[in-house]
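Engineer: Chain residues, written in single-letter form:
Protein chains: 4
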Amino acid sequence: MRTARPLPDYLVRRFQGWKATQYAENRSWYRNLAEEGQHPRAMIVSCCDSRVHVTSIFGADSGEFFIHRNIANLVPPYTPDGDHHGTSAAVEYAVRTLKVSHLIVLGHSGCGGVRGCYDMVTGQAPELEEKTSFVGRWMEILRPGVADLPEGDEATRVRALEKGAIRISLQNLIGFPFVREAVEQERLTLHGLWHDIGAGGLEIYDDESESFTPL
Amino acid sequence: MRTARPLPDYLVRRFQGWKATQYAENRSWYRNLAEEGQHPRAMIVSCCDSRVHVTSIFGADSGEFFIHRNIANLVPPYTPDGDHHGTSAAVEYAVRTLKVSHLIVLGHSGCGGVRGCYDMVTGQAPELEEKTSFVGRWMEILRPGVADLPEGDEATRVRALEKGAIRISLQNLIGFPFVREAVEQERLTLHGLWHDIGAGGLEIYDDESESFTPL
Amino acid sequence: MRTARPLPDYLVRRFQGWKATQYAENRSWYRNLAEEGQHPRAMIVSCCDSRVHVTSIFGADSGEFFIHRNIANLVPPYTPDGDHHGTSAAVEYAVRTLKVSHLIVLGHSGCGGVRGCYDMVTGQAPELEEKTSFVGRWMEILRPGVADLPEGDEATRVRALEKGAIRISLQNLIGFPFVREAVEQERLTLHGLWHDIGAGGLEIYDDESESFTPL
Amino acid sequence: MRTARPLPDYLVRRFQGWKATQYAENRSWYRNLAEEGQHPRAMIVSCCDSRVHVTSIFGADSGEFFIHRNIANLVPPYTPDGDHHGTSAAVEYAVRTLKVSHLIVLGHSGCGGVRGCYDMVTGQAPELEEKTSFVGRWMEILRPGVADLPEGDEATRVRALEKGAIRISLQNLIGFPFVREAVEQERLTLHGLWHDIGAGGLEIYDDESESFTPL
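Residue numbers (this note's numbering), protein chains in the order written: chain A, 13 to 227; chain B, 13 to 227; chain C, 13 to 227; chain D, 13 to 227.
What the hints contain is simulated information worked out from the structure, not anything from laboratory work.
Hints may be right or wrong, so weigh each one.
To be verified - Under the rule of at most 25 Å between Cα atoms (straight-line distance), these lysine-lysine pairs were calculated in the DSS-like manner:
#1 111(D) with 143(C)
#2 111(A) with 111(C)
#3 143(B) with 175(A)
#4 143(B) with 111(A)
#5 111(A) with 31(C)
#6 31(D) with 31(B)
#7 111(C) with 31(A)
#8 31(A) with 143(B)
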């Protein structure tokens, strides 16, 4: 069985186009990045969703953002149990090695992972409760958020849970000793954002009012 | 302690600029994406490194790629132990729910995570061996790759390990039953790429010759 | 005679406002900049004109651009005569010490310095020809540009001279050995831009067609 | 060899964003500025350093400040020798043509130019003593300041020299006949400021006590 195949033609052509234009015009900057290493100012925890490109909405160039993307932009609780935790490793590297100044959790509308969690907890997706479901087990991180949902129709509750994913991730982040220390020493600030894909909106979480406000 | 602060002004202004131009000009597409959901054709497993933007080098629009980014673009072995595995969950969601046709592991030059693994295994970074080091524990996935390194100077061996990370991830991927099944049924192809940041190069892994070839 | 007076109240108040808001919210980034030093990706040579803020039109945050501003965004010819040359020193520091990847000369409409040069050369401002006129002597750098002006009315010719200032500066830049070397080694690219203040326009110089094209 | 290349994409997009928002919302003011010309109330002499944006810390709009930026915010002595002096030309234009009311010299912490001067004078950077070093020759303006430094460790002495650069520039400014005349006629006031990047501080020079006081 083939574990690696040639790249589809359309991607080869696009890459060659990029190299002949954007790379060629910015070769000096790419070389600088290769030689001097990265000095990103922010880490972004974003979703894998194909519709959310943080580099687009913030006009970022190469080298600006250290970006971790997982399902539903979740940060798990601090659990130094010796297992491999990809998200925790990314946060540790960003805060301790790269010393980023901002850590932004970016959620979004229509998140399939969040919807899956809602369905699982409300009994509509029993297959996600199975031990062998990686998506189900990953979405356990968000399970506590379902208890806090407001009354309302399903769409309202799911949207609230998307925002809950951001709040829970921020709470979990502050539970990492090196994150807490950096925040206390004012070397790092945390930020929570929720992006409405269809409307092109952006809402910012305010931890004092515990609410999201549109920009 | 503040767990969420306002967004820096320059990001607010950049977002507003994006909304007034790129969003405004493509509103119909964003609305379509919001209403119809995503139908990405490929999943990319890439590194968090701020210098590697797969959407740039492949000219991707919103909706094309489902992107998971972690340190050193690693996929762990299949381990359905009931714990939360962010990478495995992303792979499962892409293959089983989104039914992507391509799964691309994209490595790169100058990877800090791979370098850390090399230093750890060769005794130059004992702090990464500690149980509490998330980066160290995450890089365990790549430890078997150090045994296979060719003779040579350190730079050569670290570069070989960067490519080893891609090979090991592909091997681990095929160990997931639902990945293997999709590949066998020719619903999915796997691809391994290594990107040279400074030179703007791209090398493709061929599993028959077990080597990387420049595009 | 007082060589230093207290700061006007309105500036004190604005500074205090900045400190309580933008600084307070980004303290971590400012501290990072103070501790890690600057790593700007580009140098900008811009005019002192109060109407041209390159940080606004390019949404730049602190730390992105190393900015030299003088009258008419001029770079003098390479003249290592042991005198102090502020512009040459800034270029040297940016290219040799900071190793910026882009060097952008940004001209603009309605430039008083360029207009003064035109008036001086066409006999309308004899006072600028005097040895003691610093503005006149500085604008000597642009004098060769007047010979190349197209036929036309005065407004057309002055606008052409504004663009000539950008071309001459780029030509002078390439005459600095360390600039030429960096360009040859593809560690640095030069760029010429002309900004129309009233229309909010931006034109880019293309050295092959020797013309400016609107974005 | 290319003396001008296209603008990097991310800057094109950011500019377009600016035009669609900040420019579009203030078009009337930009048109006014273009038609009526600039009437800035103050000239600022600031450093090229990418971390110091006087328009940010003083919340300046387009048209408010005529800004000259050079390495270490230096004003050279009055020397009407017929050579081109960019800084002197900028001061002359601001005071005689624009008739600004305030002239502010803004220094800052962690200044690479000041540090270079200190290293040069104390024998730690002999390459800056070479005739061909533009940075070295430019920093000659500050050489007299090293003689006046207090006893203390290097960090203390370098910081004192940063403030010395402001004092020397103010002394040099008052040596320009048209500056002196404007100050005597109370049409112009001079101001010296030192900005602490990491702490967000601002200290003001008082010429009577010959000391700097935090705001």
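Engineer: Give a verdict on every hint.
Structural biologist: Hints versus structure:
| no. | hint | verdict |
| --- | --- | --- |
| 1 | 111(D) with 143(C) | holds, 22 Å |
| 2 | 111(A) with 111(C) | holds, 22 Å |
| 3 | 143(B) with 175(A) | violated, 33 Å |
| 4 | 143(B) with 111(A) | holds, 22 Å |
| 5 | 111(A) with 31(C) | holds, 23 Å |
| 6 | 31(D) with 31(B) | holds, 12 Å |
| 7 | 111(C) with 31(A) | holds, 23 Å |
| 8 | 31(A) with 143(B) | violated, 42 Å |
Hints 3, 8 from the list above are not met by this structure, while the remaining hints are.
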